[in-house]
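Asker: First to last, the sequence lines map onto chains Y and D. Residue numbering for the first sequence follows our numbering, beginning at 1 and increasing consecutively. Residue numbering for the second sequence follows our numbering, beginning at 1001 and increasing consecutively.
It cannot be assumed that every hint is accurate.
Said to hold, decoys possible - Distance windows between CB atoms, simulated:
#, chain 1, residue 1, chain 2, residue 2, range
1, Y, Cys-114, D, Arg-1164, 32 to 40 Å
2, D, Phe-1142, Y, Met-179, 40 to 48 Å
3, Y, Ser-83, D, Glu-1129, 23 to 31 Å
Rather than coming from a laboratory, the hints here were simulated on the basis of the structure. Backbone N, C-alpha and C define an ideal beta-carbon position, used for all residues, glycine too.
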Amino acid sequence: MKEFALMMIGAALVNNVILARFLGLCSFMGVTTRVDTAAGMGLATTFVITVSSMADWAVQTYLLDAYGLGFLRTVTFILVIASAVQFTEMTIKKVSPSLFQMLGIYLPLITTNCAVLGVALLLVEGKMGFLSSTMFAFASSVGYSLVMIIFAGLRERLVLAHVPRLFAGPPIAFIVAGMLAMAFMGFSGIATS
Amino acid sequence: MSHDALNPSPASLSFSTQSVEGIARVVRVTGDQVWLEPEQTTSCGHCASSASCGASAREAAGIGTVTSRLQARRFMLDNPEGSSGFHEGERVVVGVSERALLSASLTAYGVPLVFALTAGSVTQAVYGEDLTTMLGMAGGLFLGLLVARLNARRLAARGDLAPRFLRRARPDETCGTD
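Bound-form chain D, shown alone (with noise of 0.2 Å):
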């Protein structure tokens, strides 16, 4: 093993550490403003059936079928740094922090769950019995969700949820190729 395979410069993993990187392609350009929506692959990597399940991207927009994911998931960068001469279905290299990526997850799911399951134990040791227990941990669930809801407004409003443009795209870049 090569002394560079160890030990890495830090040249060439601080953009990799730094950012989680996704591709997304320019649907609608607007004076500054470039909204985009995220390219996805499907695990199941399509088969004949794809049509009919869902999995087909090139479907019509139906209920639950990724189409319609993809469109819930349309996003809009205001002014994006080096963004001049934008064209629709462009493709381009978006991305944000993993320190912003571990932060909403820990917003989303660990402070709902926290308050979840301490409100269940109390109640637990209160009164002892498992259908107060289940109100009092759905309580501390909904709870939790409301405190998790102003700190996402909190993490929006420093901007650590936006997602950046980092680059265009090459023509045969996937998710996952470097």
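One chain only, chain Y, in its complex shape (with noise of 0.2 Å):
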């Protein structure tokens, strides 16, 4: 229980997918203007790295792993996540038209985060068991999402600020990015994972 709490925590906040790994940074920069956005997103994003994670498990077990078809793991991928996405889709708009229309438009951007890729990928590479690798992939887009609404406050909050024209709009974006970033880093000294 220890372990797996760790390997969360790792997930999470150590090696986050944004602020680590640098993954998903065309979405951090481009939806972190509002907190309500960024926490949208952050939560759309999360839904479909874990189900996308529990496919990619069984795909990689059961048909890579089991056919030797391991150089098309990318490219299968790919096609998991982009029927992940579709799938959440789907779903929404069966689920409740109110809601898709509302949160429709998050869906599309999130087939070309390179963090949903990423994170799959990385759990090949762990080699875990199902509910490990989908506990890890659904820490990381906790971090992920936890990431973008804190960057997302923080870019209101700069909007009201007087910053010097020379660092104005991603200037200063990239700058606190990288403070953020640095800030992080003190959670290494938590776990090692």
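Reassemble the complex: the two chains are provided individually, in unrelated frames, and hints are given to aid placement.
Answerer: Okay, structure coming up:
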């Protein structure tokens, strides 16, 4: 149980998808202008990463490993992720058209989010069991969402601040992102996985 | 840094922190009902190949194209406040509350995930097999989606998920501009 908790803390905070592995930077800069949209995107990405990691584990174990098709891993995972996003979109539409109207805009963006593929490939390297693999993916995506929301909050404050013209816009956002990454390095003393 | 910048007046913040805005185009007006289509921009900025990759908004409504996606996301406002004199093609600003967006996200994504992970953990603890855990997690996900459906109906019945008409958009107004 302790190892499980350490693995999840390590995935979410120490080896954060955005700040330590530099994955998902496109959405990190593009969808973090407001906290609410960042939270919506973060939750949607969390769902897709977790669901696609479940499917990826099954495909890796019962298809790619079983038939020696490891060289097709990246292509297959991209297909699985696109299918997971499509499944999510169809399910949300079926479960509640109102929710689909409100949240459907985020889903196509997730298909091209490299964090989803990155986490799936990390899981293969880890050679974990199904539950550990899914929990690792969930923790990684929670870390992604956490950073998105924190950064969106910082950017909302930045809008109200007087930033020198030379640094206004993306430059100051990158500087703040760097400071946030340094702050997250403080977590490296908690877990080493 | 000025005092005003650090302490903005509540009036200047109240609107932006309470609603998420978007621009929609009126596509049909029938009596008191106004049908709207969300205006969507692509993140790629369009290139010469946009007609074939599906990024162009002016193409035919084929499967998976932006046009077909926008048509699928059409919605209706019933007798919106101050809606008199709407005409087709007009651009308006609609919005939903921040709380509604968060509730919707938690309902759609959070609830199924919690059910799936709980079911998977319980199955793993009882059986200790990967295949059984996978089936248990899939069952939990299905159950979570059913619960999400019930919760979404409750939110929709309260009117929390419905976008509201805020104002007419300025000619130069786009998403992200004030």
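Asker: So, for every hint listed, does it hold in this structure?
Answerer: Taking the hints in turn, this is what the structure says about them:
no.	hint	result
1	Y:Cys-114 with D:Arg-1164: 32 to 40 Å	holds (36 Å)
2	D:Phe-1142 with Y:Met-179: 40 to 48 Å	holds (43 Å)
3	Y:Ser-83 with D:Glu-1129: 23 to 31 Å	holds (25 Å)
Hint compliance for this structure: every hint is met.
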